[in-house]
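Note that the protein sequences, when read in sequence, are chains A and B. 1 is the number of the first residue of the first sequence in the numbering used here; add one for each residue after it. 1 is the number of the first residue of the second sequence in the numbering used here; add one for each residue after it.
None of these hints come from the bench; they were simulated from the model. Hints are supplied without guarantee of correctness; some may be wrong.
[Claimed, not checked] Here are a few chain A residues that sit away from chain B, every Cβ distance over 12 Å (derived from the structure): (1) Asn18; (2) Val19; (3) Gly42; (4) Ser67; (5) Lys70; (6) Ser73.
[Stated by the list, open to error] Short, incomplete list of chain B residues facing chain A, as computed with Cβ under 10 Å: (7) Val20; (8) Gln34; (9) Gly41; (10) Gln51; (11) Gly105.
[What the hints assert, rightly or not] Listed next, the in silico BS3-like pairs over lysine-lysine satisfying Cα-Cα at most 27 Å (straight line): (12) B/Lys111 <-> A/Lys71; (13) A/Lys9 <-> A/Lys57; (14) B/Lys68 <-> A/Lys83; (15) A/Lys71 <-> A/Lys9; (16) B/Lys111 <-> A/Lys14; (17) A/Lys9 <-> A/Lys83; (18) B/Lys42 <-> B/Lys111; (19) B/Lys42 <-> A/Lys9; (20) A/Lys57 <-> A/Lys70; (21) B/Lys42 <-> A/Lys57; (22) B/Lys42 <-> A/Lys70; (23) A/Lys57 <-> A/Lys71; (24) A/Lys57 <-> A/Lys14; (25) A/Lys71 <-> A/Lys14; (26) A/Lys57 <-> A/Lys83.
Cβ coordinates follow ideal geometry from the N, Cα and C atoms, glycine included.
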Amino acid sequence: DGGITQSPKYLFRKEGQNVTLSCEQNLNHDAMYWYRQDPGQGLRLIYYSQIVNDFQKGDIAEGYSVSREKKESFPLTVTSAQKNPTAFYLCASEGTATIHTEAFFGQGTRLTVV
Amino acid sequence: KQEVTQIPAALSVPEGENLVLNCSFTDSAIYNLQWFRQDPGKGLTSLLLIQSSQREQTSGRLNASLDKSSGRSTLYIAASQPGDSATYLCAGIVYNNNDMRFGAGTRLTVKP
Chain A
1 DGGITQSPKY LFRKEGQNVT LSCEQNLNHD AMYWYRQDPG QGLRLIYYSQ
51 IVNDFQKGDI AEGYSVSREK KESFPLTVTS AQKNPTAFYL CASEGTATIH
101 TEAFFGQGTR LTVV
Chain B
1 KQEVTQIPAA LSVPEGENLV LNCSFTDSAI YNLQWFRQDP GKGLTSLLLI
51 QSSQREQTSG RLNASLDKSS GRSTLYIAAS QPGDSATYLC AGIVYNNNDM
101 RFGAGTRLTV KP
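The whole structure should be built from the sequences, with the hints applied where relevant.
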């Protein structure tokens with residue numbers, strides 16, 4: 001089946017630790033996105049990528065890093081510089097970022113600081 | 001940055017009722033509008049996409065309309081069912097922008 005797969009579903013991070021969230025898509029989409037969702041708030045954009053080896057900061061990029069070495073993969077690293085990382089993280093993709101088509105989302109990763 | 005507002009924040013209706021969810025934008029320069037459904041602890045499921053050349057889209061019991069001049073979109077759900085209970089989010093895409101602007105969502109509960 002075509003779709004977007006995020007892993008793990010749940011992730012626990014200790015203080016000062018970096019963790020990486022995985023996002024893989026087999027939809028042959030060019031554009032991929034990472035959003036953060038906090039209770040009672042809309043989704044906020046962390047990073048996006050329009051093509052391989054290119055990515056841009058969103059509204060809340062501080063404390064996060066990404067890479068786009070393959071079209072199918074867009075991993076997000078939450079670094080120790082992110083002071084409030086506990087949230088629900090969602091990855092999305094769509095055909096192209098220049099002409100918006102229907103966007104598809106993964107099932108999310110819930111990150112908790114312990 | 002444009003703001004996206006969804007009203008009401010929560011809605012509870014009896015089964016079988018027709019209902020309307022609202023989404024409004026401060027920036028009327030949107031050109032696409034997408035409605036999503038989110039179940040607790042899950043990702044977003046795309047419901048309807050209204051592109052710039054369209055005024056509405058229909059899928060089964062769902063109908064979404066877009067009025068760009070007033071910066072408003074509505075999602076109409078006919079003959080609601082308990083399985084429709086979820087949070088519904090709208091996202092506006094502004095021309096030449098590279099992300100979707102989301103509302104905080106409307107949490108719908110349909111009581112049997």
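So which hints don't hold here, by number, going up? Numbers 3, 7, 12, 14, 16, 25, in rising order.
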